[in-house]
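Construct all of the structure, not just a fragment, from the sequences and the given hints.
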Amino acid sequence: MQAKAEAKRKPFLPSITSLSKLIRRRYLLFVLLVAPAFLLRIATAAYPIFQTILQGFTNFDVIDNTNSFIGFNNYQTIMGDFQVQSAVSFTVLLVIFSTVGDLVVGMLIALLLDSSFRGRGFARTINLIPWAVPTIVAGYGFRWLLDDQFGLLPYWITQLTGYHPVAFINPTLAQTIVILAHIWKDAPFMAVVFLAGLQGVPMDLYDAARVDGANAWLRFWRLTIPLIMPLTVTMGLFRLVWSLGSFDLVYGLTQGGPGEATSVLALQIFRNGIMFFKFGYASAISVILLLFVAVIGLFGLALFRRTEVTY
Amino acid sequence: MTTRWNIRWGAVGTYLSFAVFTFIVLLPVYWMLRSAFSLASDLTKVPLIYFPNPTLKNFQTLIGEVPFLQYTLNSLIFALSTTLVTLVVGFIAAYAFARIRVPGSEVILWILLLTMALPDVGTIVPLYQILKNLHLIDTISGITLVMSSTLAPFTVWVLISFIKQIPYEIEEAAILDGASLPQILWHILIPVTMPGLVTMGLINFINAWNNLLYPLSFNNSPASKTLSVAITEIYGGYSPYGKPWELIMAVGVAMTIPTVILIIFSQKAIVRGLVGGAIK
Numbered sequence: 044m045q046a047k048a049e050a051k052r053k054p055f056l057p058s059i060t061s062l063s064k065l066i067r068r069r070y071l072l073f074v075l076l077v078a079p080a081f082l083l084r085i086a087t088a089a090y091p092i093f094q095t096i097l098q099g100f101t102n103f104d105v106i107d108n109t110n111s112f113i114g115f116n117n118y119q120t121i122m123g124d125f126q127v128q129s130a131v132s133f134t135v136l137l138v139i140f141s142t143v144g145d146l147v148v149g150m151l152i153a154l155l156l157d158s159s160f161r162g163r164g165f166a167r168t169i170n171l172i173p174w175a176v177p178t179i180v181a182g183y184g185f186r187w188l189l190d191d192q193f194g195l196l197p198y199w200i201t202q203l204t205g206y207h208p209v210a211f212i213n214p215t216l217a218q219t220i221v222i223l224a225h226i227w228k229d230a231p232f233m234a235v236v237f238l239a240g241l242q243g244v245p246m247d248l249y250d251a252a253r254v255d256g257a258n259a260w261l262r263f264w265r266l267t268i269p270l271i272m273p274l275t276v277t278m279g280l281f282r283l284v285w286s287l288g289s290f291d292l293v294y295g296l297t298q299g300g301p302g303e304a305t306s307v308l309a310l311q312i313f314r315n316g317i318m319f320f321k322f323g324y325a326s327a328i329s330v331i332l333l334l335f336v337a338v339i340g341l342f343g344l345a346l347f348r349r350t351e352v353t354y
Numbered sequence: 060m061t062t063r064w065n066i067r068w069g070a071v072g073t074y075l076s077f078a079v080f081t082f083i084v085l086l087p088v089y090w091m092l093r094s095a096f097s098l099a100s101d102l103t104k105v106p107l108i109y110f111p112n113p114t115l116k117n118f119q120t121l122i123g124e125v126p127f128l129q130y131t132l133n134s135l136i137f138a139l140s141t142t143l144v145t146l147v148v149g150f151i152a153a154y155a156f157a158r159i160r161v162p163g164s165e166v167i168l169w170i171l172l173l174t175m176a177l178p179d180v181g182t183i184v185p186l187y188q189i190l191k192n193l194h195l196i197d198t199i200s201g202i203t204l205v206m207s208s209t210l211a212p213f214t215v216w217v218l219i220s221f222i223k224q225i226p227y228e229i230e231e232a233a234i235l236d237g238a239s240l241p242q243i244l245w246h247i248l249i250p251v252t253m254p255g256l257v258t259m260g261l262i263n264f265i266n267a268w269n270n271l272l273y274p275l276s277f278n279n280s281p282a283s284k285t286l287s288v289a290i291t292e293i294y295g296g297y298s299p300y301g302k303p304w305e306l307i308m309a310v311g312v313a314m315t316i317p318t319v320i321l322i323i324f325s326q327k328a329i330v331r332g333l334v335g336g337a338i339k
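From first to last, the protein sequence lines are chains A and B. Just remember that my numbering sits 43 ahead of the position in the first sequence, which is counted from 1. Just remember that my numbering sits 59 ahead of the position in the second sequence, which is counted from 1.
Since the hints were made in silico from the structure, they are not lab data. Owing to the predicted nature of the structure, the values given are computational and were not obtained by experimental measurement. Virtual Cβ for every residue (Gly too), placed ideally from N, Cα, C. Accuracy of the hints is not assured; some may be wrong.
Cβ pair distances, simulated, as ranges [unchecked claim]:
1) T219/A to L172/B: 27 to 37 angstroms
2) K191/B to M272/A: 42 to 52 angstroms
3) L107/B to V338/A: 55 to 65 angstroms
So this is what it looks like as C-alpha cells:
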C-alpha cells in the first residue's frame, strides 16, 4: 500500500520519497548502532533468564547425568533444604540492614564531605578507596583483621577488656560483621552520590529558610531530606537489588559459615551450579533470587512515584 | 554569641567525624599493607608488631611459586579489553539514543536499562552452558564478552547524558559540509565526549579488574585465570602458620594498587561518571 502510494506520488513530489528514504536510512542507522549493545544483552541476559526459568523445572545434573522435566520438584526440595532456607533468611537480613546502613552512613559521610574543613580534599579522595578495593580483597582483609589469633581488632579488644573474642564462631556476630563489612565497602559510593545531590540543592533555598528563621537542624530535615528523597529512594533500590546478588564479600569473609549462618542465595547458586554442576537445582534457586528482585523492583516503583517532590 | 558557639562546636564535631571516618576507612588498608610487606614469621607474634621490617619477599614468592605475572597479565588483558568493548559498543548505542529520533527508542533504552537490575549470579548457570557451547569457557575472550555485556547498559546510560550536553549545531555543520557518520563520530563527537569516555573507561576498567564471579565460575586454567581467582586459591592453600596471610594480602595489595592509583589521579572524572548515572 505504502509503496504504491509512494510510487504514485513520485513524479510529483520527489522530495517526499527522498525524505522517506532518509527516514528509512535513519531507522537502519539506529538499528545498526544499537544492535551490538542490544544483541549482547539478549545473548547474555535475556536468553539466559529464559533458560534459567526453563531449567528450574528440570533435574539437569552433569555429574548424575540426568536432564528431564520434573515440574516443581526442585521447588519442593528447596522448601526442605536447610542450606537454601538459611540463605534466604540471611539474604533478606543482609539486604535490608546493609541498605539502610549504607543510606544512613552514606548520608553522614556526604554531610561531612560537604562541610568545609582542612583536609576535605584528602577525605574525598580516601572516600573512594573502599569502593575501589576489590570486594574479594576487602573480604579477606576483614577476615584477617578479625582473625582470632593474630587479627588487630580482637587483639585490641583483648588488650582493653581481657576478653578474647572469636569472631567467626558466633552466628550473630558473624552476620553482624558481614553486614558491617558491606557498609564499609558500599557506603562511600552512596556518599559520592549524596554529595552530588547535596551540592545540587540551590543555595538560595537555604538562604530563604535562614531568613525565615529555620535553624540548621530544621533546614536539614525540612529542606535537604525532602529534596534528596527521590535520589535516596533510587539509590536504595539499586542497592537493594545489587546486594541481593552480592557474592564476593561473603565468599571471602565467611564462605557462608559458621554453619550456614551467613550463607546467601548467590553463594547457594554458585555452589550448586558451578561447584556441584547441579544445573537444574541451581536454576531453581536463581528463579527465587529473580523473584526477590522483581518484588523489590515493583515495590520500589510504587514507592518512587510517591516521593517525587518539587519546590 | 550563639553563632560563635555553634561554629566552634560545629568545627569540633566536623574534625572529630573526619578523624573517625579516616580511621575506619584506612584501618583495613593499613592492615593489608602491613601484612603484605612483612615476613610471615612477623605476622604471628604476640604482642603484635605494628610496623614490621618492610620486605618484598612475599611478592618474590608469588612470582616464583604461582604464575603471578601470568595472572596479572590476564587480569590486565581482561580489564583492558572489557573497557575497549564497552566503550565502542556503548558509545555508538548512546549516540543513536541521544541523536537519532526513532519512535520506540525510549522503550528500547528502558529495556536495556532494566536488564541492569538482573543479579549477575542469577544467570551464571546458563552463561556457563552458552560459553561452553561457543568454546569460550576458560578463555579471557569468554569473560570479556560476558563482562562487557554486564557493563554495557550503565555505559550507554552515562554516555547518553554526555552526548546530550554537546550542542547539535556542531554536528549539523559537519553534516551540511558532507561529512559521513564515521567521520562525524571520529573527528567531532569523540574528541568532545572525551571526558565522558575517560570516565566510563576508568569505571569499567576498575569493575572488570575487580570482578570475581565470572572468572571464578568460568576460568580455571593458569592461562586464563585472573588475580581475583588467584587470591581465592592462595586462601585455600596451606602454610606452616595456617593460612598464608602474607601472600593473600600481597595479592590483595597488588590488585588494589592499580585502582587506587587511578582514583588518586582521576577522582573527579570517576565521581562525575558515578554521579552521572544517578543524577541527571
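Comparing the hints with the structure gives:
1. Take T219/A and L172/B: their Cβ atoms lie about 34 angstroms apart, and the range 27 to 37 angstroms holds.
2. Taking 42 to 52 angstroms as the suggested C-beta distance range, the pair K191/B and M272/A conforms, at roughly 46 angstroms.
3. Separated by about 47 angstroms at the C-beta atoms, L107/B and V338/A break the suggested range of 55 to 65 angstroms.
In terms of the numbered hints stated before, the structure departs from hint 3 and from no other.
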